[in-house]
Amino acid sequence: MVTKPLQDAGTDGDQWAPLAEVSDLPISEIVTRGADPALALSMQRLVRSLDDPDGVISAFSSFVS
Amino acid sequence: MIPAAVATIRAEQQERAAWPYRELDVEPLRGAGWRPVPVRDVIIKVHQRCNLACTYCYVYQHEDQSWEDRPAVMPPETWRTTVDKLARHVRRHGMPQLRVILHGGEPLLLGARLGELAADLRTALDGECDLQIGVQTNGVLLRERMMAQLRTHRVKVGVSVDGTKPDHDRHRVTHGGRGTFDKVAAALALLGQEENRASYGGLLCTVAADTDPVATYRTLRAFDPPLINFLLPHANWEHPPPRPDGTVTPYGDWLVEAFECWYRDPEPPRIQFFEDVIVLLLGGKGTSEQIGLSPAALVVVETDGAIEQVDALKSAYPGAAATGLDIRHDELDAVLDDPGVIARQIGLAALGDECARCPVRRVCGGGHYVHRYRAGAGFRNPSVYCADLKRIIGHIRGRIAADIADLTGKVEG
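Residue numbers (the numbering used here), protein chains in the order written: chain F, -14 to 50; chain C, 6 to 418.
All clues stand as given, with none of them false.
Simulated restraints, written as ranges between beta carbons of each label pair:
id, chain 1, residue 1, chain 2, residue 2, range
1, C, His244, F, Asp36, 37 to 43 Å
2, C, Glu262, F, Asp36, 30 to 36 Å
3, F, Arg33, C, Gly403, 21 to 27 Å
4, F, Asp36, C, Arg148, 33 to 39 Å
5, C, Ile7, F, Leu10, 47 to 53 Å
6, C, Arg156, F, Asp36, 23 to 29 Å
7, C, Pro247, F, Leu10, 42 to 48 Å
Residues from chain C that face chain F, not an exhaustive set, calculated with beta carbons under 7 Å:
id, residue
8, Tyr268
9, Glu280
10, Ile283
11, Val284
12, Leu287
13, Gly289
14, Glu294
15, Ser299
16, Asp408
Please keep in mind that the hints were generated in silico from the structure rather than gathered at the bench.
Quick caveat, the model's predicted, so the values are computed rather than measured.
Note that beta-carbon positions come from the ideal geometry of N, C-alpha and C, so glycine has one too.
Excised from the complex, chain F in its bound form (with noise of 0.2 Å):
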């Protein structure tokens, strides 16, 4: 399951409409339910950043590790 999508306020109140609700939903489903390639790439790095709940910074941005 994914974390829920960002709908955040500034603390002036502006607001952002929500993005889909997907917290209820698995993650690898929606990728293989026909997300295309870059979304797909990108959901798929977000079920892999589950492992590290701190999302620390790399040094480099040009190395696939």
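Given chain F, put chain C in place with the hints provided.
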């Protein structure tokens, strides 16, 4: 008790950057339960000189010129101490993984010695953790013999390339002013060979707003990299980026066009910046310095042993990366008390009032820390690329919202 060298540096930093060096009060954060993230990525400056004279280089062309006072090559005793300290750091924290980037200047100037350094790291750390070694190079010196060494020691290679040959050759030139695209292309052909493919880390492209993003994407794509990243040129409120023709968001516009090429590509390579935006929009965590609120757990060890913050800070003011610490006398954990390091690990608390009011803040994270600098005030400002970041983030958000809603409907249906 703060060591004298550290106190001296902090006093200098306070004059240059009120935030974080005077204004960041860490104690309330600690009291609320915040704890620093130990260093996970270490950038080791193994060579201080470069065979190129790129026009935008933050090491040689910006405010800080400290490279002139450091040894050209890291002395062997400093290297040995660095390796020992890394091993101790890994054991102390029980770290499952450590990433070491061999960097410069141009690290390939070390020649065969570079392979020896990688071997030292493997000997000291392979039994302790999952050690990832990378080298960031301009690619000009990457030939068969060097490639064999990097392959042997499982060193990933990241190469800087700025798009088409005319665009690349405009900025990434030798000291004699000659373009380097053809040599970089040859290096990338070498990396693309089957036996070297596992060593191919990816490409790093610095965006120039007056170039064609479509041609840039296609050129980079043709090198078949496992990963591309686009880097906004280092700039700040004192030295804003060039904006051709007075346009408001040339970098955002450029990234939008590049994003569309990528998003429509039936077999897209990974592009970290775009993936990060999407992951952040979906509530995940970013992994790059350019965007998001993730803690930065990285330090630099200079050729003279100085432990510093990321050297992109050198684009802000002389000494901006300094901590006063030295790998020969201090442990890596000592940087976790440096206000500059702490400021990059506290997420929203590091953002100023204007950013705190903005609904985009959890995605942009205020942008690259370096791009927030304003003389005297320091780093608690919106990014000098704020409008550009809003442009690209808003575009991606709009693009994926409908797609995700559609996919969600398919799953639920």
